[in-house]
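2 protein chains.
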Amino acid sequence: MPITVVGSIAYDTVRTPFGERERMLGGAAVHFALAASFFDEVHVVGPVGEDFGEAELELMRGMGIDVSAVERVSPGKTFFWEGEYGWDLNSRETLDTQLGVFEGFAPKLSEASRCSDVLFLANIQPDLQLEVRAQLPAARFTALDSMNLWIDIARDSLVKAIQSVDCVILNDAELRQLTRKPNLIAAAQELFSWGPPGPRVVVAKQGEYGAALITREGFFALPAYPLESVIDPTGAGDTFAGGFVGYLAAHPGQELSEELLRAAMAHGTALASFNVQEFGTDRVVRLNAAEITQRVTDLQQMTSFSGAPFRSRKP
Amino acid sequence: MPITVVGSIAYDTVRTPFGERERMLGGAAVHFALAASFFDEVHVVGPVGEDFGEAELELMRGMGIDVSAVERVSPGKTFFWEGEYGWDLNSRETLDTQLGVFEGFAPKLSEASRCSDVLFLANIQPDLQLEVRAQLPAARFTALDSMNLWIDIARDSLVKAIQSVDCVILNDAELRQLTRKPNLIAAAQELFSWGPPGPRVVVAKQGEYGAALITREGFFALPAYPLESVIDPTGAGDTFAGGFVGYLAAHPGQELSEELLRAAMAHGTALASFNVQEFGTDRVVRLNAAEITQRVTDLQQMTSFSGAPFRSRKP
Chain C
1 MPITVVGSIA YDTVRTPFGE RERMLGGAAV HFALAASFFD EVHVVGPVGE DFGEAELELM
61 RGMGIDVSAV ERVSPGKTFF WEGEYGWDLN SRETLDTQLG VFEGFAPKLS EASRCSDVLF
121 LANIQPDLQL EVRAQLPAAR FTALDSMNLW IDIARDSLVK AIQSVDCVIL NDAELRQLTR
181 KPNLIAAAQE LFSWGPPGPR VVVAKQGEYG AALITREGFF ALPAYPLESV IDPTGAGDTF
241 AGGFVGYLAA HPGQELSEEL LRAAMAHGTA LASFNVQEFG TDRVVRLNAA EITQRVTDLQ
301 QMTSFSGAPF RSRKP
Chain H
1 MPITVVGSIA YDTVRTPFGE RERMLGGAAV HFALAASFFD EVHVVGPVGE DFGEAELELM
61 RGMGIDVSAV ERVSPGKTFF WEGEYGWDLN SRETLDTQLG VFEGFAPKLS EASRCSDVLF
121 LANIQPDLQL EVRAQLPAAR FTALDSMNLW IDIARDSLVK AIQSVDCVIL NDAELRQLTR
181 KPNLIAAAQE LFSWGPPGPR VVVAKQGEYG AALITREGFF ALPAYPLESV IDPTGAGDTF
241 AGGFVGYLAA HPGQELSEEL LRAAMAHGTA LASFNVQEFG TDRVVRLNAA EITQRVTDLQ
301 QMTSFSGAPF RSRKP
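Same order as they appear, the protein sequences are chains C and H.
Number 315 marks the last residue of the first sequence (our numbering); no jumps.
Number 315 marks the last residue of the second sequence (our numbering); no jumps.
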């Protein structure tokens, strides 16, 4: 099923203990779209400024992504983010954020992007998420991401946006903050209570620890793919979301079964692991399907165990 | 195979968002021993003061634990710890620590505790760990825990202690600090390079995210058992270690295979999940084997997925 993603298209300047790169192609919609493009047709909706290069658009087109709804705003500058990571990559400091054309962003969906069956609302102001959601009333699967800023300053809107989608993909700290519940299971239960219909799938992104999936029926958790060297975690969460949502989009005949969702988690996890191995989008644009499948198979091997009962010394 | 554990026996006063309890039986050796007692014979070595109650010894005896090497030091007070947890239980503040008889602790092994095949050196000063290790030269499986304090002030001794055991069980932040490697896989590789013989199994405790197992041959990770309500995390790590080491001790015929180690991880995880559901040792002392096996089976279900290859849109 075709996928529409609405979110930021950015230039990122990133410093990690392993090097520094300036003005790389980035942004949530870009990372999502690149990952999802392995699975299905992707339409990107988002603004860029007059400084945005043709090469970057061509890179996305080369990945089979429809960029016709990427809106070039003039005069204006492309969203810019600069950040620096600590030695173990678990902490990062934002050094500069220039919203540029993202500041007055009012998503304009093209005819094609309005016809998608699958919608991913990347982290943007929740009223805009609601507005976009309303333009795809017949979408068969909808998901959103958000951030602590919107929980702080636009919680009511965010709650409404969440009530309008099937799936919420957030960091676990954000899930706690949003629901005011101290643990993941309680937080997910809280989100389920925001229906009907409300979300029926909650994905908690846990950074280096992987991700957890909570539905009304079950719980599933998957570690991050273990890597001896992580170069740049920027965009890992959006890349995960692209793999996860992309896999679901590519299996339209199936209900949102626990089995399907778990396989989607594995594909998201595999995609994210490639993303962090090089700066920016470098690794994902060179990826092939066999490499993705190999990591999914590896993950399966790394998480399986046999739980034979033991002979206890006690009754 | 019989197990000897050397470590703290304590009284804990714990405040969590769900209540407060004073002077509960605690300490690393106690939590470890209670968990391991489901699997095999356990000998506890550690000091208590004149304030230590007969009821506490009787509780351990009632679990089938040998407490004859629990040394009562007089005059002196039992190790005391007081702490308070934050709202999501991921942060805690130590309000009071009184080492008491633990300050001058020189482990005295009984004849029985010296004959164990399995040795767990809970978190004590690493020179003491080395001393105890030397008293069980023929032990077939040895493991240790430690803490940031010893990495800070006794790193050389801790390195020697680690070189003398088969298995290291540490928090992942401690593994990073100890090895000065920014990620888990690199940290484990560093520990493996400290041989020969040196450790061949590294377990990274990850709190609410579960635990990871790294050997020269493979990687395995298991989430914590999901709970809607966690009451008191104190002792979860030692309870995990007790389940993990206990399971290995109960399977003496098998080599330390990846399969055996993974099953041990699952049993440690199950034990830890019970520990945190009530204050102190309350839940674990009421536990039975069927409950443990049920959680291991649940964990297996919660981590399994099918990784069928997908039809990619790209080569």
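Hints may contain errors.
[Said to hold, decoys possible] Simulated coverage check for chain H against chain C, where a stretch passes if three residues somewhere in it have a Cβ under 8 angstroms from a Cβ of chain C:
{"no.": "1", "stretch": "9 to 15"}
{"no.": "2", "stretch": "64 to 73"}
{"no.": "3", "stretch": "104 to 118"}
{"no.": "4", "stretch": "158 to 168"}
{"no.": "5", "stretch": "183 to 193"}
{"no.": "6", "stretch": "224 to 237"}
Honestly, the hints are just simulated from the structure, not real lab data.
Glycine included, every Cβ here is placed at the ideal spot set by N, Cα and C.
Structure-based check of each hint:
1. Counting residues of the stretch 9 to 15 of chain H whose C-beta sits closer than 8 angstroms to any C-beta of chain C gives 0, which falls short of three, so the coverage hint is violated.
2. Counting residues of the stretch 64 to 73 of chain H whose C-beta sits closer than 8 angstroms to any C-beta of chain C gives 1, which falls short of three, so the coverage hint is violated.
3. Chain C is given as covering the stretch 104 to 118 of chain H, and this is violated because 0 residues of the stretch bring a CB closer than 8 angstroms to a CB of that chain, at least three being needed.
4. Note: the stretch 158 to 168 of chain H has 0 residues with beta-carbon separation from chain C under 8 angstroms; the three-residue rule is not met and the coverage is violated.
5. For a cut-off of 8 angstroms, the count of residues in the stretch 183 to 193 of chain H with a CB near a CB of chain C stands at 5, and the three-residue condition holds.
6. With 5 residues bearing a CB less than 8 angstroms from a CB of chain C, the stretch 224 to 237 of chain H meets the requirement of three and the coverage assertion stands.
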